[in-house]
Structures are given as structure tokens and as C-alpha cells.
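*Asks:* Take a look at the letters that make up each chain.
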Amino acid sequence: MHAESQIREPLILGNKTYSQITDDIIKPVEGKTGKAWYVLFTIATLTFIWGLGCLAYTIGVGIGVWGSNNGVDWAWDITNFVWWIGIGHAGTLISAVLLLFRQKWRLGINRSAEAMTIFAVMCAAIFVLFHTGRVWLDYMLFPLPNQFGSLWPNFNSPLLWDVFAVSTYFTISLVFWYIGLIPDFATIRDRAISPFMKKFYSLLSFGWGGSARHWSRFEEVSLVLAGLSTPLVFSVHSIVSFDFATSILPGWHTTIFPPYFVSGAVFSGFAMVLTLMLIVRRIYNLQAYITVKHVEYMNIVIIVTGSIVGVAYLTELFMSWYSGVEFEQYAFLNRATGPYAWAYWCMMTCNVVSPQLFWFKKIRTSLVATFILSIVVNIGMWFERFVIIVPTLCRTFLPSTWNMYHPTFVDIGIFTGTIGMFFFFFLLFSRYFPVIAQSELKTILKISGEKQKKDAEAHSHSHAPAH
Amino acid sequence: MGTKNKYWKGLPELHQSPEFLQKSRNEFAENLPMEEVLGSESLNASNTSRRDFLKVMGFTTAAVALASCETPVINAIPYVNKPEEVTPGVANFYASTFYDGHDYASVLVKTREGRPIKIEANELSKHNHGTNARTQAAVLSLYDGARLSSPWAKGAPTTWKNADSEIGKALANAGGKEIAILSSTIISPSARAVIAEFVAKYPTTKLYQYDAVSYSALSNANEKVWGKKVVSKYHFHEAKKVVVGVACDFLGNWLSPVEFASGYSHNRKVSKENPNMSKHYHFEANMSLTGANADERFMIKPSEIGKTVAALYNEVAKATGNASVSANGTIASNSNAQKAISKIAKELAEAKGQSLVLCGLNDTDTQVLVNGINKMLDNYGKTVDIENYCNLKQGDDKQFMDLIADMNSGKVGVVMAYNCNPVYTAPVKAGFAAAYKKVPVKISFAQSLDETAQASDYVCPDHNWLESWGDANPCRGHYSLQQPAINPIFAQPRYEGTRQVQDTLLAWAGVKTDYLTYLQAFWQNRVFPMQGKYGDFYSFWSNTLHDGILHIHFAKPVEEVIAPMAKDSSGKPLMTGIATVIADSLGIAKEKIEEKKEEKILAAEEKKIEVDYNAAASKAVSAKGGNWEITVYEKVGLGNGNMSNNPWLHELPDPISKVTWDNYITMHPEDVKAQGFGEMLRQDIEGSMATLTVNGVTVELPVYPQPGQAKGTIGVALGYGRKAETMQVATLVAGANAYDFCTISNDTVQNISAEVSVANANKSYTFAATQIQHTIMGREEWILRETSLGQYKKDAASNNPKTELATHSGKLPINEVDLWAAHDRPGHKWGLTIDMNSCIGCAACVVACSSENNVPVVGKDQIMRTRDMYWLRIDRYYTSDMTRMKAEEEHTGSRQMYLGMENPSHNPKVTFQPIMCQHCNHAPCETVCPVLATNHSNEGLNQMTYNRCIGTRYCANNCPFKVRRFNWYNYNGNPTYATINPIQQDLGRMVLNPDVVVRGRGVMEKCSMCAQRLQAGKLSAKKEGKPLQDGAIKTACQQSCPTNAIIFGDLSDTESKVAKLREDERNYFLLEEIGIKPTVSYLVKVRNQEEEIVWEAEEAAETKAEEKKEEKKEEAHS
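Protein chains in written order, with this note's numbering: chain A, 3 to 469; chain B, -13 to 1104.
If we strip away everything but chain A, and leave its shape as in the complex, we get (with noise of 0.2 Å):
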């Protein structure tokens, strides 16, 4: 006999039957839609095409409008590149690892945390494609078969390594998602009455039948998918961080980086994965679906990785110090006390000390509460990557290169625009999309099971009074 906690609350609360989870979830895409994402999406549109702008005006003119200089060659736009990659990874994370984990609480948020893994991956490619300075011969960083001769990248460089792993695991992560899709496409089709709602999913459910040969395969590329993005977890954030971990500059020369780098990003992941489910949780009633549990899960997951990252600080502070190094322990005592000291304690506040508050139950379980942390933690992990790259490169080895960095309103005109961007596609995607795998989730309810469950507490109080 299956046994199970009885106290353990049930991942879909309020009783919910099959079709009612159907129901519910479907009907953002069925229903009409409020004003409330008019709103939000005029406002992301905007945004995105003021980002376009900026942009086009980088690639008309040069990368010269950025505030970039010769002594700080990268500012802001690898800083939201790692940014926005770093967000991506809880998705993944979500998706793959809790899948392999059998983590069954992950089925209430993995769709919507993969399209954000989706949307934030192409908000990161947006950086890395538009830093090069010749925009157009970006298509040099691939191995391509060409008319030069044995011309290739370079193999030994970093930078290649992120071309490769970025389009990897968008592109594992793009069908993963897209794998999951198709079964809620298909219930949607089958409810649809308007001709061209039909057409539409019934081509984006590549005719899914619902048997059980579909399902099984089904299940099957799941597993496979999941094993595949699982590494990606890992050796994305990894590589990434190689790009400053094999670099010869103090401060960026660390072996600490890979771990760090990952950790920070499932951190930073998750604070944006709670920032878009407290909204969407909202305005579509699916407090049944993602519940406090869920919240408070995700929590536990910020503690953990926000004190590996604390520790991470601390560790490269000790490191410095312990060196012996004059050009390390420089770089780390100017972080903490030089120009932009402002911004490390910024990020030291936001990334170390904040996390911790979800020690106490009382915030862990408060909606608010997390909403606000989620956000200070998203903007703590962007001052992250920041001080790792302006004040390092603002001051490496020779005194006389020393200078300062100041952003340009074209750099963060784009960064705004790739915060467009991502909430342009994430309200599409809420509104044409089911935000949660319903039929997956169906998966979890034992509606005969909870029921027995429900009885037998009922008449244990009855019976047996508490002694």
C-alpha cells in the first residue's frame, strides 16, 4: 500500500476534477482576455520597440553609442548577457533535473519556467550577437565549410564555447518545451469552436491523437530530453563562466567560477520564475495550481543557492587574501571599497543577506513578501555580473589604463528592450499558450485518493481525539 503522509498537503488544493483543471487552465486561452494584459503588453511592446531602436542605432553607427571603453571593452552587454542566460537556467533546472528527481511539485510551474528558459535565452543571444563590433560577419564564429581555406574559430577560445553551448541549449530547450506543448494543444483543438482557433492548434499539435503509443513516445522523449538538457544545467553556466574563469585578469582568473556561476544562476532563475508566477498566478486564478507550497519549495531553493553563492563571495575574498597575490588582492579590495564599492554591497545585500530572510516561515509563505525578494534578488545577481566586469576592468594591471565606465541611454535602452522583449513573448505566450502542463499535471491528481484520504482524517477527529 502506497503510503503517504497524511499531513503532506496535496499539490492541487480546492478538490479540483479533471475537467475542472482543464477548465481552469484553458481558459485564459478560450476566454476573453483583460485589460489588464492589454495593458501590459502595450507597455512590453513599447518597450521591445524602443530596444529595436537603440539597437538598430548600435548597428548603424557603432558600438561607439555604448558607454564601452578601450580600458572596459564590455559593460553592460555581457553583463545582461549573463544575466539573462543565468535567468534561463531554472527553467532547465525545473523542467529536466526535478523531472529526473521525480520532483512531482515542479508539473504546477515547469511550463511556464521553460518558456521563460525559452524567452530569456533569446534576450542573452540578443547581447552576445550585437556586442560584436562588425555585427555582419557574426556568422564567422561558426565552423562553417567556407571558401578560405582551413579557416576555423578558434577551438581554444572561450568565446566560441558559448556559441556552441548557447545554441545547444536553446535549441534542447526550444523542443523540450515544445514536446510538452503538444498534448495541451491538443486538448485546446479539441475544444476549440472558432474555425481558425481549430486550424491554428491542430497544426501546433502536430495531430496528437492522445493514445497510448503517443503517450508512451510521449514519455519517452521526455526522458530522453530531460537527460540531455540535465548536463546543459551545468555546462552552459560553466562555460559561460570560463569566459572570465580562463581570462588572465585579477578577479576574473578564478577556478571558483563554473559552480559559482551555476549556482547563481538556478538562484537567479527561480527569483524570476516567482516573480512570473505570483503574476500569473493572479491574473488567471490558478492559486489552485501554484500554491504556497510551490512558492514556498522555490524559497528553499533560493536559501540554498543564495548561500552557496554567499559563500562563493566569501571564498573569493578569502582566496585573494590568501594568494598572496598583490594584483588579486587588489582587485578584491577595490571591489569592496573602491569606486563601485556601491555596487558589490548592492549585490553583497541583495544576493547574501536577503536570501536569508526566507529563513522565517512567515516571509518564505508570504506572497509579498517573496514578490519583493524575488526582485531584489534579480536585480542583486545583475549587480553580480556587474561588478564582476566594470570594476574589474576598470582597474587591472597597470595604474595608468585605470578609468571609469558610464553607461550610455543606448545601453540601457537595449537592456530595457530585452525586458520588453521577454515580457512581449511571455504575454503571448500566457495568453496563446496553457501556462501550466495541464495534462501532466493530471498526472498528480488522485481525486479517488484524496478523497479516502480526506474520509479517513475526517474520522480519525471523530474517533479519536487527539491525545
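Treat the hints as calculated values from the structure; they're not laboratory data.
In this text, all values refer to a predicted model and were calculated from it rather than measured experimentally.
C-beta atoms are modelled at their ideal positions from N, C-alpha and C, and glycine is treated no differently.
Be aware that one or more of the hints could be misleading.
[Claimed, not checked] Think about it this way: if two alpha-carbon atoms lie no more than 30 Å apart in a straight line, the pair counts; the simulated DSS-like pairs of lysine-lysine are:
1) LYS(-10)(B) with LYS200(A)
2) LYS659(B) with LYS610(B)
3) LYS779(B) with LYS255(B)
4) LYS(-10)(B) with LYS201(A)
[Stated by the list, open to error] Take a look, some chain A residues computed to stay more than 12 Å from chain B by CB distance:
5) LEU13
6) ILE23
7) GLU32
8) GLY33
9) LEU48
10) PHE50
11) ILE65
12) ILE184
13) GLU298
14) VAL370
Following the hints, position chain B against chain A.
*Replies:* Same frame as chain A, but now just chain B:
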């Protein structure tokens, strides 16, 4: 329930008749004559198949499409008659002379396909070794868009015919009134002869020489002391022991800086065999380039210059047993300086004949004292030469003042301004501009519409020096020729054209010969007889023209015999037969000259001029001080401002402040703080504006905190605040005309004043500097190795520890630790070594590099954003009061220590460190480039493949030296840079070196170690079939260096100079510890100072302990 409407076409459809149904089954209602057409005979008759039809149609479509595209047409027109010496792709070098009234240099002009692109130092010249920044930049002035292309009359272009006739009339009508030729110093003997021709025609003509920056006190003092009104020549290479400078920037601008720099550095080079160097003491208010190089520098106020010299006079008199003067100078602001003087005097007395005392103050009395000091020290005939004097800077302020007075009183009928711009450069007090207006006919020979030309009636534009013939005699016995390296750019038929001043004057004087003929005749008559090397004039002329220079020992100065030359009836100078006559008549056969010289010296001694040193001293010490005192100075880049339309010079960072494109007040940081101005600490580039009033002239200028500036003093540079609108670059730069601040006292122009007030204008101002962190931050060991002479004598490798890595097999030299097996490199292995002891930071190399490698000019805004494009920069570091040792002793925390280290000392010691790509053999940039755009050559160079570069900038991030430069914009096409970047102008583009690619936007660039020169050198060696000689290839920076601080060569050639320097104990590599294996090395700087230079507290303790041990041992022995 709805009704369905039915629509029908005609009744048959409504009724659905059988015919209708039958018809509707057919696709076409009517029968088409398909069969007939396809089956017709005519079709078969034609040969056009469907394929042909498609072919023809495809071709026409393609042709029409192609014809509508516009392809840019680039015409490469071959020579119809190829000039003999021009081979496309091969550079020609012509020896010539650069002289613009301010700087003199004997140079080689590199031309490509008939256009000058680079100035090189003439290595045959004994006068100047290397060049300065201005000489390097002078090639760009040739292509200055502001140059006039025709003469102007009354503010409008005119023709030469009109100008000549109008001016001819004016000259003829001058009627007894004076015709004044106002010129900067003329060192061309033939030009003087031309003027003599003019004087012969118009006897009321008088030549006034006037230097924008005056040196007339020097010749005045020499007249008083030696009876000769000349400027002495200084032999720095003979001043082997002690050099004392008082407010005299002899390495930067004073008199003949390039010449002095090579002589000076000659005595500053140390080696194990000869561990001696001169000691240089310097007293000054502004931090000058010379002061920055001094071993000991003392800050004094400008009003104390005379007092310092007087005090030194007395101390030297005491030390040498001469009579002292009654007036004694006290340096109230600096007791250390006062104390040091007696010590310096003793050292001077011990170094008789091997020392040199110089003062830059343009005050006759002070200069008399300086002469007295050098006389007491037996320096005359050794380090100071009054016999073979200097011809530069003959300007006489007294004469100039007299001219102004005459102009005011209406005695002057015509003024011709040649090679000078007095409306801009004369002190306001002199009132030149107002007096000039009163002159009936004003003629300017300026090349562009400068301030004087604007105020003139006629502008008769001169050729650029690169288009001109000419000669020069910068000092007695040294002659050089100037030859055109390009046809005049502004010439008929397209333009009315420019005309060389000598030709203009000859024309006006009615001499019907051109200047070249005249010049040759002059040399045949006057110079040829003085030499004994060549037998006939033609070989003399062609050889001298080829060499560019002629050295004559003890020649009689030509100036003394300047007179119009004998002419035939047509007005053509007599060129033949006269030489011997003149030579005989002047008695300048070589032997005779020798005799004469001795006679002369005797004569001078017999003259026994009484010099009243007491009177001179009492006047010299009488200068009054003020709350604020100002020194108006020349910048190393801009000089007196005559080239201030040259963007290369504006972009060139000042060697001391590192500020570009700006005119500012230099003020001691403590004064800056006390006055409440922006302090610019910690990479801050925001300064403040101040309202400055000097002698009643009020301007607004930004304040720059300058360590080493004497407290209570300020400095402002010359050459800014231009008002000539057509000179777009000059007027673009903010600033004020500091010439206005100059005063006149004792008939000499003074560049100092105590009538100064400074007030806060309460405005902020942003500076553009290429370096904004000024100290080394305790990183000497890895970057800036220095030792004291005493330490060096004890141990040649002092302060130069070998970098070692701890490995499993013990400590190993860093070069032996390698992850990879080394490649076999059989060929050349280039290497560059920089002698930090010789580098004076003059920045000639920086401009030379820009000129050679087409480095774009990017302007103030870009430099403010740290985006300068220099491939070679000179880092300038100040010492700080805070050191590791001090922090350890005082238990200062790290943070406080580093904060302290960021602040330079009050009077810091300065080090210059040229930094270019270090061509690391384990280059961090190479591994990170994703597209392999930067890679290593088999000759050991790190090279850039621009075409492959996509601009990720990863390489620049990973470069520990930050020498990589990114093209943030398309500097060659972006309209923002159209005014400042010569590459964007039709004329300016001609300066580009065709051997070097002009980089587009989004591409990384950096020092290539002049790859094009290496290639050219290898090719010529190959053609000759000989192995490459050491020294045959010189990089652009090396060629321009006046002090031989940059040594380039092949490391594979064990006999090469650079390979030998690698074995020197002073050789070290920057940041060697990180394992990058640089190709460029540096030689430890040796400072001639008593205090030892120690970096680490531990080392200091060790050396102290060792000393104690030694002392104990000695005690035990004794």
C-alpha cells in the same frame, strides 16, 4: 429563415439549358486557335527555341539589372612619362630641413608616389638626433585645409599679378617711410641675402626679428658679458657631471630641445662598464618635462628665479674662490631649495668644465648672472660655446618695441609679417594690434588666414616648407639644405597658387631670377668656398643636397657678409667665376679660418669687458612676489602655437598632465582644494572653471590639479584661444590666449607675472586625459623597476630580481616554465628594448607612430571616454608619499594604504614609460579570440588580421597592458569626426601611409612593430643578397627618438644590440610573473639620488640587517 438570392448571367444560365451546360464544361468559352499557332509553318521557320528565348530573356534581365547598379569608379592613372626616381609602391626619401621659425630639424622626408607622408630624422646631422613631436606632425600641416590657395587683397582672393602690381606701387609710394620686414628668426643665409636684395631696391627697408617666445635676454646678456650679441650654443654631452636648470625647460621647448635632449641623455646612460651619470638639479614653478626628468627638483615661485640664480652665484663664487655679489637671493617659499644651493654649488665647483647652469627666464640681469656662474665654472669653451654660437632665436624684443613705437608714430609705411603672427603672439601690453592698424600697407606671408593675415591688407601665402627650396644655418658651422618633396599643392591651373616668400621678395626687388637659381648661386658663392671636401660646385651641390647637411669647422659666419650678390645686366646672379674671388676676398680658406679663430679669442680676452655683476644681481633679486604668480609656458606638443591647426598636436597628450585638446590652469592640488575647485581624485575627470585675471586680462579657464606645481603659482600654456576662423581645428579647442598675460620689463618680454588673481567661476568642466590614475600603486616590482645610482654601482642587478616560479623541481626562472613545447623558430625573432633611463617622455615617438601607422584622430569627446587610438603611449607615473614600507611602519590598513597611494607627492618624482603592444609570446589576446583574428607570426610578433576581426573585444579585455585599440566608430567616415580627423578630408587624406591599412569600424588594432618597415627592410636585404644588418630596420618610434631610448633588432642575431641588451643586468619584462613572455623589454631606470629605492618593507629590513652585519664585520676587522 432567410431567402437565398440567386444571381445569374443571362437566361441560359437561369434555365440551365443543355447548350449552356455543354459549354460550361469547356474551360474556354470560345475556341482558341492554339493548334493553328503552334502548328503553323512560320514557327518552324524561326530558329528560336524556347531555351534560346529564356536565355535571351535571362541575359537581358541581368544586363538591365546590372546596368542599373552604379559601381564606384576608382581611377588609377599610370604615369604617362614616369619620373625617373618614382616607382609606385617604393618610398623615396629626400633630405631636407624643417624650420618654422620655432623648431629646427634636419630631416628626411619620406614620399610615396610624390607625396610626403612621414618625417624622419636625418641621421647624418650632428645638430639633431631624432626629432620632436612638432617636427613629426609638420607633415600634416602640409595638407592643412586652412591653407590659402591664392593671394588675398583687402579680404578677398586675388591674382598674383594684381597683388604684385598693387604692392609694387605701394612699395614705390612708401616714399621715405620705413618698410619693415617683421619676421621670426631667419636662419637661412640665402633668405637673408634675398632680403639684402630687397633692401638694395628699397633702402628704407629694415629687418626686425621677433620670436613669439622671446630669448632676447640671452643675447643681451652675452653682449654685456662677452661683447657679442648672440645666443650661446650649449653642449650638453660635455656636461658630464652636473646640470642645473632654473625654470628652463631645455628638454621640452627651450631654445633647441631636440639637440639638448640627445646631449643630455648621452650622459644619463649607464652601463656596468661606465656606471656614471650626470646629476640634474632643477628649480621651477610649473612641472615641466625637464623638471620631470631631474634627479632633484625644487619648487620655487617665478618671482624667485632671479633670487635662486643670485644665491647660486654667491655659493659658486664661494666654492670657486671668486668675488660674490652683494645682493643675495633668498628663496622664501622653499627652505629646502635654499639649503640645497650650497650643496649644488660645491658639486658644480668640483665639476668645472663638465657642468652647465641654465636659466629660462627672459631677463637680461638674471642671464648675466648665469653667464657669470658658467664663467666661474670654466664652462665656456667646453659646455657653453660663444664662438660657434647658435643662430636660433635671434629675436630682439627691444627692436620689436621700437617698431611698434614707429608704427604708432606713423614712421612705418609698410609692414611685412613673415613666419610670425604678432597680432596673436605679441603681449597685449605691447599694443601691436592697434599699432598694426595704423600702418598704411600691411602684408602677411602666412600660409593660412591667421590673426595677423586677417588684419593685413595683402596676404601673399608662402609655400609650405615641404614645397620649398631653402637653406639653414642653425648654428655656426652647421648648414643644411631644404628641398621640395612635392610640387606646390596649390598651383595653377586649378588654383592661383602659393609662392615662396623668397621668390616674392625677389620679384618685388626686381631680381629676375627664381629663388632656386639664386640659392644655388648663393651656395656657390658663399658656402662652397668654405669647405674643402668637394672640388667642383656640382658635386658639392648634389652631394650636399643628398646628405641634407654640411658641417664646416670654424667657418666665418655668413651673416656678417650678407650683401646683394653681383648680377649680370639681366639681373641674373653671376654664378661662375665669382666663387674664388669672394673666397679670396673674404679670406675664408680653411687654414686662415683656424688662425683667425685664435686671433679672435685673443681679441675678446684683450677687450676685457667689465661686467657689473653686483648691479645685475641687485636687479635680478628685486622681482616682487604675489599671492598668486603665473608662468606662461609652452606645451611639448603645441609649442608656441604656430601649428595649432594641427589635430595631431592637439590630440597628443601633454607628457606631464596627459590632458588632450585643452588649455587649463595648472595648480598645486592643495591649492586646488583650498580654493574649493574640483579636486579630480580617483579617476574623476570633472574639474572646475576659474576666473583668472593677469595684468588686467580676465579669462575663464578650467583648473587642473598638477602635483609638483609650486604652491601659490599657476601655469597656463600658450597656443590656445585662436581667433582665426578658417583654422577650424585651432578654433575648435577651448582656451585663452596666454600671450596676453605676458608683460614687458627691461625691454624683454616676460612670461611670468605676479599680478594674478584667481576666483572660482562655480562651473564644472570635463577634462579629456589619456591617463587619470597617476601613481604606480605599489606595483613597482612588476611594472616600474627603478634603482639608485649607488645601489646600481654596488650591484648592477639591484632592484631587478629574476622572476621565479615555485615548481615541484624547485624554483625555476619563469621562462623555463611552460605548458607547451616551444615551436622551432629558425628565422628572425624581433625584439624591442626600452631604456627607461634615456626616455625623457617627449612624445615624439607617439606622433611618429600615428603618422607611420595612420592612427585616426578621435577628438576630445572620445578621449574623455577613454577611447584614444594611440598604438604607442607614454605612461607617466608620480611617486606617492604612501609606500608599503610606510604603511607597515605606521600600521596603516590596506585600504588606507591604497587610498594614500593614489595621491601623488607634493613634489613627486616622475617616471615615463613608453607602452606599446608587448608582443607576448604567450599572448593572452591570442587564445581568447574566437575567430583567430589575432595570432602569432613565426618572427615572434603578435599580429592583427583586420579582415577577420569581428570585434568581440575579448582580446582587449584580456590584454594586461591595455594596448589594444578598438574602432568604436567609423572614424574615417562618421561626420562627427570630419573636422578633426584628417583622413576624412580630401587634402588631409594624402598624409596616409599607403603601406598601412586604414581600419574600419568595429575592428581591433594595435602596434604591429611597424610590420611594413620590417617587410621593406627584409626585402632590401634580400635584393642585396646580404643578411639583414643590425640597425638597418628602425621602427617609427625608434627613428624619431632623440635619446636613443628605443632599441629594435633581431634577437636571433646574437650580435645585435637588442640581443646584447637582453643579457644586461638591467633588462626586465613587464608583468613577467603572469607568464606571458613579452617580446618588449625594459631597462631598469637608474636615478642619481642618494636615497636607496626599496619597494618592500621586508627587503628594506633585509638590506638593513645586511648592512649591520657588514658594519659589525668591519668593526671586528678593525
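*Asks:* Give a verdict on every hint.
*Replies:* Do the hints match the structure? See the list:
no., hint, verdict
1, LYS(-10)(B) with LYS200(A), "29 Å, holds"
2, LYS659(B) with LYS610(B), "26 Å, holds"
3, LYS779(B) with LYS255(B), "13 Å, holds"
4, LYS(-10)(B) with LYS201(A), "29 Å, holds"
5, LEU13, "45 Å, holds"
6, ILE23, "42 Å, holds"
7, GLU32, "30 Å, holds"
8, GLY33, "31 Å, holds"
9, LEU48, "28 Å, holds"
10, PHE50, "25 Å, holds"
11, ILE65, "6 Å, violated"
12, ILE184, "37 Å, holds"
13, GLU298, "41 Å, holds"
14, VAL370, "39 Å, holds"
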